[in-house]
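Chain A is fixed; fit chain B onto it per the hints.
These protein sequences, in sequence, are chains A and B. Start counting the first sequence at 45; every next residue gets the next number (this note's numbering). Start counting the second sequence at 510; every next residue gets the next number (this note's numbering).
In short, the hints are calculated from the structure, not lab data. Ideal Cβ placement from N, Cα and C applies to all residues, glycine included. You may find that some hints are simply not true.
[To be verified] A few chain A residues facing chain B, derived, Cβ under 10 angstroms:
# : residue
1 : Lys59
2 : Ser145
3 : Ile205
4 : Asn348
5 : Gly358
[Claimed, not checked] A short list of chain B residues far from chain A (calculated; beta carbon distances all over 12 angstroms):
# : residue
6 : Val537
7 : Gly538
8 : Ile597
9 : Thr603
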Amino acid sequence: MSEHSTYTPGNPFSKWLDDRLPIIRFSKEHLLDYPTPKNLNYWWTFGAILVVMLVIQIVTGIILAMHYTPNIAMAFDSVELLRRDVNSGRVLQAAHAVGASMFFVAVYIHIFRGLFFGSYKSPREVLWILGVLLFVLMITTAFMGYVLPWGQMSFWAATVITNIIGAVPFVGESVLQLLRGGFAVGNPTLNRFFSLHYLLPFIIAAVVVLHIWALHVPGNNNPTGVDVKSTRDTVPFHPYITMKDLYAVVLFMIPFAWFVFFAPDILGHPDNYIMANSQVTPAHIVPEWYFLPFYAILRAVDFNILFIDSKLGGVIFFAGAIVVLFFVPWLDRSPVRSGLFRPLFKWFYALFVINFIGLAYLGAAPADGRVLGIDVPTFSKICTAYYFIYFLVILPILPRFETTRPLPASISENVLGKAHA
Amino acid sequence: MADQPTQVQHDGPTPSRRDFIYVASGAVGAVGVALVAWPLIDQLNPDASVKALASIEFDLSGIEEGQTLTIMWRGLPVFVRHRTADNITVAQNTPLTDLKDPEPDSARVKEGHEQWLIMIANCTHLGCIPVGDAGDFGGWFCPCHGSHYDTAGRVRKGPAPKNLVLPPYDFVSDTLVQIG
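Only chain A is shown next, with the shape it has when bound in the complex (with noise of 0.2 angstroms):
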């Protein structure tokens, strides 16, 4: 967008801080004046939704640190005593727990929005490869914080998710020992994790920082896909889109309570409420929700596929289902970008949707169990060809065969024609 500013300096004090630290020109240029195309719908708030949970997480992590304690004959206990005696840690342990559960489903719903609407596409790149890490490091900092409380389900989620480690060719076994400090999940596992867990956030923030400037640069995408074009295409940042936002945020923040207040133990597994027993493993272990899809693909490679065994390629699978994500931006061929012009790839996309809502609930499945008709392994099997079907096949072939909808001439255009017919 333009950089030139518009700021001039008020008084004095802030002309002499201009000339030396431009903080003040800085914070009018992106966070007031910043212009963003003016036809975002409500799927662009879940940016400054996901900023708020990072700042819940953290404020209320840094508390519930305060009365944590990472030994393995301690923890489970430490845990009990802040929901139970410590005032008000009933409600700052639930926001905590739910909170990252929040984080997930405005995460998911900001990286949907991304794929529909191609904001991923040229010159974008950077910021989708950005958000893919963010989402990266997510998935780690929630893990490690799952094995906190060191339950039956952190434990053996633990146990679990670093065997996937060991599965590696030649090192995995002694790579996975580094990462344990032991040779099963132990005490040194235990206060790794949480040191790792106190430090992430901090790394996912600085990566936020970075995804925020890789978006200031080319600016917003927005629901047509077509460039803002001039200055009547946007609205400056303030007021438009921080109200926006902030009325978002108040409404996200009402599922949020309820869980918080109503059912905090409702996303998680009763198993956690027992404490970590290496000897027994609970009869049916699931990750937390938002795994499930990703559990669903490991999970569905219980084949040998020719020198690789089951093991390994469920890793291969698992790790690629995300690393896949990377390429994106290189996949799509399609120089259209919004999904609303695109008469077929709508179709494939509903059906991605469909496809990754249904892996979900194949994760949660018993692996000797049926669903519609069909045992659950070989339903993942067709999950997840179909998973990555979608994107190293349709993505990249798909517009040799689709006719797309002719584009607006401008935002402009679009929001305006929109309101004569």
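Relative to chain A, chain B alone:
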């Protein structure tokens, strides 16, 4: 500058003395960084107290036929199974072609102690503890991802790639076993 002939010499395509010093000091610096980084990484490895638990002795006399006990070795659960005669026959008569990770029953136990099956209890898929006397093959069933093991702890079905791992162990006497 141009009137200094010694410098012109150094701009040629052959590496100069100065290039060598740059590369050499850079290389020494890199080695130094690696030396400093190593302890920062190595501290993550299992510490001495963890390694110290590497060997245990266990008395088998209390385990009834058909019973499985789970004991701890190096922080890992270990199954000690007193197999029934039936278990042993079934395991011995399984054709190797039926196996995902072919291993005869004799390779799973110590000769003369066929009734004792001692294995690390973590499923070779992702490390859950399989449930005993369950699954399609009369051995173990892992509830996490649905792997089935037979009465010799060999994987028969599901995502697990290998048979349950055998720890290094020896019989000190008929009823005393040393693991590790």
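Quiz item: Hint check: is the beta carbon of Ser145 (chain A) less than 10 angstroms from a beta carbon of chain B?
Solution: violated (22 angstroms)
Quiz prompt | Given hint Gly358 (chain A) near chain B, where the shortest CB pair must fall under 10 angstroms | solution = Status holds, d = 6 angstroms.
Self-check item: Status of Thr603 (chain B), Cβ more than 12 angstroms from any chain A Cβ
Solution: About 19 angstroms separates Thr603 (chain B) from the closest Cβ of chain A, which puts it past 12 angstroms; holds.
Quiz prompt | Hint status (Cβ of Ile205 (chain A) to nearest Cβ of chain B, threshold 10 angstroms) | solution = holds (8 angstroms)
Quiz prompt | Interface hint for Lys59 (chain A), Cβ within 10 angstroms of any Cβ on chain B | solution = Violated, about 43 angstroms.
Quiz prompt | Beyond 12 angstroms from each Cβ of chain A, as asserted for Val537 (chain B) | solution = holds (27 angstroms)
Quiz item: Is the shortest C-beta separation between Asn348 (chain A) and chain B less than 10 angstroms?
Solution: holds (7 angstroms)
Quiz item: Does Ile597 (chain B) really sit off the interface, with its C-beta more than 12 angstroms from all C-beta atoms of chain A?
Solution: Non-interface label on Ile597 (chain B) holds, nearest chain A Cβ at 25 angstroms vs cutoff 12 angstroms.
Practice problem: May I ask you to check that Gly538 (chain B) keeps its beta-carbon over 12 angstroms from the closest beta-carbon of chain A? | Solution: holds (26 angstroms)
In this structure, the earlier hints numbered 1, 2 are contradicted, and the remaining ones agree with it.
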